[in-house]
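Listed below, chain by chain, are the residues.
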Amino acid sequence: MQTFSGLVSVLMVFVWLGGNQVSPLRPICDLRVLDHFVREARDSEVIMRGCRGGCGVMKPYLVPLTSVDFAVWEHIDVHGQAVEVWIGLSLLDQALSNAMKTVSNSPLANALDNNISNIHSLGHILHSLDLQARSTVLPDDSAPASTQTQEVSSLSELLQVQSSFLRGKVRLLLSAAPACQRQNS
Amino acid sequence: MTKMRSDRLKIVFMLCLAFVTTGGQHFESKVAQLLQDETEDIKCFVEGKDLTCFWEEEEEKNNLHDQYTFTYSYENKNKMPCAVSSLSLLASNKTIFFCKLSKPPFFATLNVQVLRDGRMLYSRSLNAENFLFLDPPRNLTVLSSGKEGQLNVSWLPPPLKYMDDSMIYEVRYAVEGSNMGKVEVIKVSTMLVLLGLQSDTRYKVWVRVKPDGVSYKGYWSAWTEPVFGVTPPSDMDPLIVLLVLFIGLILCLLSLTVFLSQHKFLLKKLWPDIPTPEHKFPGLFTVYKGDFKEWMSQNNGSMWGRSVHVYTEELASPLEVLSEVSLTSHGTSQREERKPPEEEEEKESERSDSGLTDRWREPPQAHWLMEQLKALQENPESRSQSSLLQSHDTYVTLNQGDNERQADDVFEETLPLQTLFTTAGTSSLSTSRSDLGSLQQSSGSGRLSSQSSFEYPNHTWPPKGPGYAYMAVADSGVSMDYSPMSSSRIAELGRHRMYTNDYKNEIFPHKWPFSGQYIKSGSESCAGPVW
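Residue numbers (numbering that gives the first Met the number 0), protein chains in the order written: chain A, 0 to 184; chain B, 0 to 530.
Since the hints were made in silico from the structure, they are not lab data. Every residue gets a Cβ at the ideal spot worked out from N, C-alpha and C, and that includes glycine. Only true hints are included.
Residues from chain A that face chain B, not an exhaustive set, calculated with beta carbons under 7 Å:
{"no.": "1", "residue": "T65"}
{"no.": "2", "residue": "S66"}
{"no.": "3", "residue": "V67"}
{"no.": "4", "residue": "D68"}
{"no.": "5", "residue": "A70"}
{"no.": "6", "residue": "Q149"}
{"no.": "7", "residue": "S163"}
{"no.": "8", "residue": "R166"}
{"no.": "9", "residue": "R170"}
Chain A with its partners taken away, still in its complex shape (with noise of 0.2 Å):
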């Protein structure tokens, strides 16, 4: 798994060499790539509760809504949709690595790791699909959770959080990409 986040890096780092290019990026739109960080998001909760020390301590984390209404979702358009993603993303991803330091057991920690470069393998992807956000202004810590965030106490309601990100918007969000429905079409 490790490898395979590996591989996609460098790929994201070649295609962000080139981006500048004329010649567009590809766009990624096969599933079973979320579907693999899925996977390993879950595999984290799975650790998580078997865990017996050094399973990090209670601190407020600031997370993304994960709640998806489909009456609500559909009439919002595709950049919206992409820019509550990327931020969500952008929440998960600072969570998890403020997380990761005050955990010592090794298997959680990289489950952690593991998670935090799948994060990052996202935002290429959305890149790819030309679907990154425009503004990356991220609310604050100190300001109040807004209506697209919320808040856990613990590393366990956060990974709870992350898997069903990853499962509800951002996987809606990249089936529904435009690339990938001119592809298909």
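Following the hints, position chain B against chain A.
Just chain B, lined up with the frame of chain A:
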């Protein structure tokens, strides 16, 4: 216009009713299944886009549904209530209370609680996307692919948005009437080719669906209604055809080889050559073109001589002559005269296989025979007797008795020999005197033939009764020596009857035993009793 609108409304109403009814059937079946499988107090499932949570009625009390309160919350939101309803299941005779959330939030943790009379009864936290309970696939079709042992199965997924690529299907198939079935699992795709099926067999096929478990999870749907398909009949395996042809070719080659190597033998068996006597008659068919007279005239001398040898050597047939006549002394009484010859004949017969020329008696015996023959010749009735005897043509007896007894003798001669010979001293005797006489007559001239006539066959002779002499005479068939014994010659011989008997060249070794059986003998005249 108004009528058309009302018709449309009716149609829509019927469709909605059908949908609800169908959904209701599905809903009850799903509830019934979860009642068995799910262990949680609050059992929840997502049907379509709606989340339904239900619980069983407590047994102690006959509760009313309005005493229950159902609330849910998610993502820091406040608790929201849900209307509770009741349902009586006819199949299991149970009552449940349920709450249906319309379009609940997915990918978020829901906290549900059931309160009864203000007190928490049940609570549960769940993500709705993990409890999908899909409807069975639609439009299941089973078709023959045309290939041996294959069936094409296809279906349509349940109508769910965003989830088409997250479903997994299970196809079950079994021979009609059999309880043993196989299961095939297939992801995403909604068609499958069943392989390795029996030819010309009717199969039942079912399909069910479930979320693949990556993004969405849930329960297996109910099986579809079975659909039947028949596999095509098996074609002849080309390998078997080739093997059969190859083996047939080998068999043909083998049979051809056998036939060619053994064709002469087979032809001989199937179409045997018709035997021809050509080799016995050299030149008859080639030189004389089948003209026997001509051939005979040309080959008369040499052929006769040769034939004598041939017949004497090859066609000898034993001839047993039974005689009571004694050949030792002719001056004694008839019986006495007969006995010695019998004894002599016995002795002669007993010392048979050695030299033939020494067997014959001295001239006194021959002289006596000559006298007998003369007597027979003088008797004109001998002819008739001989003719009578010839008419019987079964045996030859020489009667030394009186003429008076001729008629009796005739009858006696017609009796079986046993009866004839058991009367001691009777006049009816079978003698070989005539034969002896003829032989004696010819002894001078044709000794060779007489000798040959006394060739005893190689077989053993059964013992005869006392007082009866027998003599085996080899029937030479064509023998000029026997010509004197024709009926005309016999007439010249005298008073005593001479019974002649035409005998054929037949060898009856098996009839030599004294069984009283008569045999026919001789194409040539030969005087003498024969068996």
